[in-house]
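Q: Protein chains in written order, with my numbering: chain A, 1 to 338; chain B, 1 to 329; chain C, 1 to 296.
What the hints contain is simulated information worked out from the structure, not anything from laboratory work.
Careful, some of the hints might be misleading.
So the derived label-pair ranges between C-beta atoms look like this [what the hints assert, rightly or not]:
#  : chain 1 : residue 1 : chain 2 : residue 2 : range
1  : B       : VAL118    : C       : LYS10     : 48 to 54 Å
2  : C       : LYS10     : A       : ASN238    : 45 to 51 Å
3  : C       : LYS10     : A       : LYS186    : 32 to 38 Å
4  : A       : GLU319    : B       : ILE251    : 38 to 44 Å
5  : A       : LYS186    : C       : VAL126    : 38 to 44 Å
6  : B       : PHE24     : A       : GLU60     : 56 to 62 Å
7  : B       : PRO66     : C       : ILE212    : 47 to 53 Å
8  : B       : GLN44     : C       : THR44     : 29 to 35 Å
9  : C       : LEU177    : B       : ILE72     : 37 to 43 Å
10 : C       : THR150    : B       : SER64     : 25 to 31 Å
Taking lysine-lysine and the DSSO-like style, the derived pairs with C-alpha atoms no more than 27 Å apart in a straight line are [to be verified]:
#  : chain 1 : residue 1 : chain 2 : residue 2
11 : C       : LYS69     : A       : LYS96
12 : A       : LYS134    : C       : LYS189
13 : C       : LYS21     : A       : LYS121
14 : A       : LYS219    : A       : LYS38
15 : A       : LYS219    : C       : LYS189
For glycine and all other residues, C-beta sits at the position ideal for the given N, C-alpha and C.
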Amino acid sequence: MWKDRVIGGEIISEYLMEARKLTKEFEVSVGMFKSRAKIRAVDEVSFGIKEGEQIALVGESGCGKSTLGRLLLGLIKPSSGQILYKGRNIWRLSRKEFEEFRRNAQIIPQNPYDALNPTKKLSAALIPQILRHKIAKGRSEARKMALDLLEMVGLSPPEDFIDRYPSRLSGGQMQRVVIARAISVKPQFIVADEAVSMLDASLRVEILDMMHKIGEELKTTFLLITHDLGVARYFAKNGKIAIMYLGDIVEIGETEEIIRNPLHPYTKALLAAIPVPDPKIARERKSIPLKSIDVPSLLKPISGCKFHTRCPYAIEDCEKIKPELRLVGNRWVACHLT
Amino acid sequence: MRWIVKRIITLLTTFYIAITLTFFLIRLMPGNPIDVMINQYMQQGMSMEQARIMVSSLYQIDFSKPVWEQYIEYLQLIIRGNLGVSYIYTGVPVARIISYALPWTVFLLSISITLSFVLGIILGMFAAYRRNTKADHTITLFSTITNAIPNYVLALIFLFFFACVWKIFPMRGTRDPRIPPGFTLEFISNVFHHATLPILSFLITTVGSWILQMRGATISVLGEDYIKVAEARGLKGKRIMFSYVGRNAIIPLFTRLAIAIGYMFSGSVLIENIFTYTGIGYYLTYSVTARDYPLMQGCFLITTLAIILSNFIADLLYGFLDPRVRIER
Amino acid sequence: MVQVKEILTKALKKLVYDPLKIILKSRRGTFGLIIVLFFTLMATVGPLIVRYDPSTVNLSEALQPPSLKHPLGTDWFGRDILAMLIIGSQDVLFVSFVTALITTSVATFIGILSGYMGGKVDSALVAVTDIVLTIPGFPLLIVIASVLRTSNPILLAAILSITAWAPLSRAIRSQTLSLREREFVEMAKCLGMPSIHIIFSEILPNIMPYIIINGIFAFTGAIYAQVGLFMLGLAPYKSQNWGVMLNLAVNYAGAVFSIRQASLLAPAICIILLQVGLVFLSGSLEEVFNPRLRSG
Chain A
1 MWKDRVIGGE IISEYLMEAR KLTKEFEVSV GMFKSRAKIR AVDEVSFGIK
51 EGEQIALVGE SGCGKSTLGR LLLGLIKPSS GQILYKGRNI WRLSRKEFEE
101 FRRNAQIIPQ NPYDALNPTK KLSAALIPQI LRHKIAKGRS EARKMALDLL
151 EMVGLSPPED FIDRYPSRLS GGQMQRVVIA RAISVKPQFI VADEAVSMLD
201 ASLRVEILDM MHKIGEELKT TFLLITHDLG VARYFAKNGK IAIMYLGDIV
251 EIGETEEIIR NPLHPYTKAL LAAIPVPDPK IARERKSIPL KSIDVPSLLK
301 PISGCKFHTR CPYAIEDCEK IKPELRLVGN RWVACHLT
Chain B
1 MRWIVKRIIT LLTTFYIAIT LTFFLIRLMP GNPIDVMINQ YMQQGMSMEQ
51 ARIMVSSLYQ IDFSKPVWEQ YIEYLQLIIR GNLGVSYIYT GVPVARIISY
101 ALPWTVFLLS ISITLSFVLG IILGMFAAYR RNTKADHTIT LFSTITNAIP
151 NYVLALIFLF FFACVWKIFP MRGTRDPRIP PGFTLEFISN VFHHATLPIL
201 SFLITTVGSW ILQMRGATIS VLGEDYIKVA EARGLKGKRI MFSYVGRNAI
251 IPLFTRLAIA IGYMFSGSVL IENIFTYTGI GYYLTYSVTA RDYPLMQGCF
301 LITTLAIILS NFIADLLYGF LDPRVRIER
Chain C
1 MVQVKEILTK ALKKLVYDPL KIILKSRRGT FGLIIVLFFT LMATVGPLIV
51 RYDPSTVNLS EALQPPSLKH PLGTDWFGRD ILAMLIIGSQ DVLFVSFVTA
101 LITTSVATFI GILSGYMGGK VDSALVAVTD IVLTIPGFPL LIVIASVLRT
151 SNPILLAAIL SITAWAPLSR AIRSQTLSLR EREFVEMAKC LGMPSIHIIF
201 SEILPNIMPY IIINGIFAFT GAIYAQVGLF MLGLAPYKSQ NWGVMLNLAV
251 NYAGAVFSIR QASLLAPAIC IILLQVGLVF LSGSLEEVFN PRLRSG
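Can you make the complete structure from the sequences, with help from the hints?
A: Below, the structure written as structure tokens:
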């Protein structure tokens, strides 16, 4: 879908991270005879993230958004398709280049209680990778950097924290340490996988603000994975939102535009579910009558547009032909009806 | 279906490896039995050639041939169910000795395992329902202690008190040879009289592990949401206890049954020896002390086969009882 | 110097005082610890203070009842039963300890390698483990011991470990598999840490408690197999061993049983006490490692 600019035989991408026809299948075994079946968690997804962009990937649980995030980070291998980092396929990089990519692409996992080794002090969560990537010259400098990182994520005085065990931190404090851990190697790109879903509502805003601030200060590109459109909107207020449904990206665009005027019926349905403070927009928006509230199983492949089983506007084509992402105005939408 | 085929292939491979292992242990290890036996015959005044022919006739394998040809011959014999001829019981095929011995072991183990499993499940569930009461603490303590006692030590103590000192049970054997075998009350009660101490030794040392496992499984199932829902729906205590809790707690225990059977075969070697109970385990040690290697090989292979088969059955059972969807890695 | 002392006291507190406090809180833990310490002393210091040589036969003193001279009496050959018990404990504990060490090391190595590497290495190791699991352990032990007939304690320990590692290895593999999915491991991987770091710093510390507790179970299993082997008379008679004492008791059964009970009951009770003590200790250690299990 993206026009490739070929200059002197090399593909030049205008994106920091790009996915091209990215597909991931998992094998599952079913029933007493353990018969095999394949599930497509990510289905030929193509999209790009520009440097410095803050983008939120939104979808219901099980739609493949976490898998997509891990594919982009090179943590799992795709079944087919490519992931480009600065225009180069990450699975074709030399060992040294891959290590460089590895340092530049980090994850903030969703469960802060699980993202720190319970048997190790915080220093062990921060220092080894600084030394490994030679960001500091020696142990004492690395420790100094670790202290600065803790200070940066709002844990001060950092000397009080660095020799603590994770069990002596609160959930919010743990998530701060996890963020410090992710930025400790100065990455260009961070995937935050449901990074605030386990936290109390009061803490969420704080953590989101902090990530936003870090993104701007360190010029880090952020991809926030979330099931909560409200969180997505808050985090990516100057950025973009991508909507995912059963392994497909169905709509991508500027955050405010998507919120104001969703084009894909699935986006409309998601939006209808969140309350809006602005009565003007609230009045304009109507809830859409879904045919079914259940997400269909992926064990049987769905033909055409995957949303047709629930979409109230589905026409014949929707059952047969899979819609591609098309540019509509300023936005990419995969729907036959737009 | 692919899964069952895979299981059968594993089963055959395991048995094949056990067969090969026995061959190489007996034939190729330093000081291996074949050389020892040939030497023994030579010391009795035979020539090297005669001795080798004698030993070859016991195993029904020609030991003058190269090793790999011996191996092929050996495999062919096993496939035909021919395990050679015993050295001590001159001229008696090993397969026949095993056919006499195996039923006793199966009799002993099946009764012990069934009693232990059933009793363990009942007491384990009881303890779980009464958890943190005095009854629970007593049962748990009893289980922990009996589970730690080696079965043969308990067997020795039983032998000493019940057979030697108080003479309530016979000291040795599977039955009184003076009573003719048959479906008579006298014979059957005599057989059980002889089997009581071996069964008790097994039962007491294994029931504790089932009790503890069942207690743990029941407690964790009791914490599940669907049990709370069932209670909230107003279902009767007994119905919840059996059709909800019991079923879900027992399923994981079934898989451990196979491992337990393996351990009990190991234990039966010791128990059968103490009570001179002429099953497979008894003949295994007897053949080792008497250096009757064809018999030893036969006993070992049949034990392995029994364990492999019980594992296979347990695997099938588990697939049948727990048909959930799993992600393959 | 001051710093070294500080680190040492801290380590001592963490590794000795704190666990001890938890163990001694429960009656079972206290009992287990006392039993295990008692037998350790018996095996290490005991042989130094034994007055009788348990291997010399003195038929004129055969089958004596307990007395001040012979606290547990003598056996058929006039040997002091207490002396035999003490000398025998040395062998039992040493061989079982080495066996437990070999078993847990092999199981940990194979289990972690298999679980962490995945793919073909994993499939191959799982296949080997499954096969070893199905081969009847004790019968195989008998076959091997009968062919090798060794009296070398280290070799005996190696033989005893041949099949014992498999169940633990399987358990450690599944622990490793689930740890590999934990987020702190994923993060470490994403941060570019090498496998060595992930195995030794992230995975191993988290299964260490499990390994230690199972090491104790390997110890009890080794006692079972070793004493059983000696009781059947299938390991060479060179050494003094509780199993050898049991074997004599069985062989001289009937005729002598009613006269001298100590020669059977003394080793039997020692074995039971040691096994129960070890199980209690391991249960109590589980509370040390898993604070949620602690009562009160």
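Q: For each hint, tell me whether it holds in the structure or not.
A: Hint by hint, here is what the structure shows:
1. For the hinted restraint 48 to 54 Å between VAL118(B) and LYS10(C), the CB-CB distance of approximately 52 Å keeps it satisfied.
2. At roughly 50 Å, the beta-carbon separation of LYS10(C) and ASN238(A) lies within the given 45 to 51 Å, and the hint holds.
3. Taking 32 to 38 Å as the suggested C-beta distance range, the pair LYS10(C) and LYS186(A) conforms, at roughly 34 Å.
4. The beta-carbon spacing between GLU319(A) and ILE251(B), approximately 41 Å, falls within the hinted interval of 38 to 44 Å.
5. Against the hinted window of 38 to 44 Å, the Cβ-Cβ separation of LYS186(A) and VAL126(C) comes to about 40 Å, which satisfies the hint.
6. Take PHE24(B) and GLU60(A): their Cβ atoms lie about 59 Å apart, and the range 56 to 62 Å holds.
7. Between PRO66(B) and ILE212(C) the beta carbons are some 50 Å apart, a value that agrees with the proposed interval 47 to 53 Å.
8. Between GLN44(B) and THR44(C), the C-beta spacing of about 48 Å breaks the proposed range 29 to 35 Å.
9. As the Cβ distance of LEU177(C) to ILE72(B) is approximately 40 Å, the hint placing it in 37 to 43 Å holds.
10. The hinted range of 25 to 31 Å is satisfied by THR150(C) and SER64(B), whose Cβ atoms lie roughly 30 Å apart.
11. For the hint linking LYS69(C) to LYS96(A), the alpha-carbon distance of about 77 Å lies beyond 27 Å, and the restraint is violated.
12. Taking the CA atoms of LYS134(A) and LYS189(C), the gap is near 17 Å; set against the 27 Å cutoff, the hint holds.
13. With a C-alpha separation of about 23 Å, the suggested pair LYS21(C) and LYS121(A) falls inside the 27 Å cut-off, and the hint holds.
14. In summary, the hint linking LYS219(A) to LYS38(A) is not supported, as the alpha carbons are separated by about 39 Å, beyond the 27 Å threshold.
15. Between LYS219(A) and LYS189(C), the direct Cα distance comes to roughly 23 Å. Compliance with the 27 Å bound is thereby established for this hinted pair.
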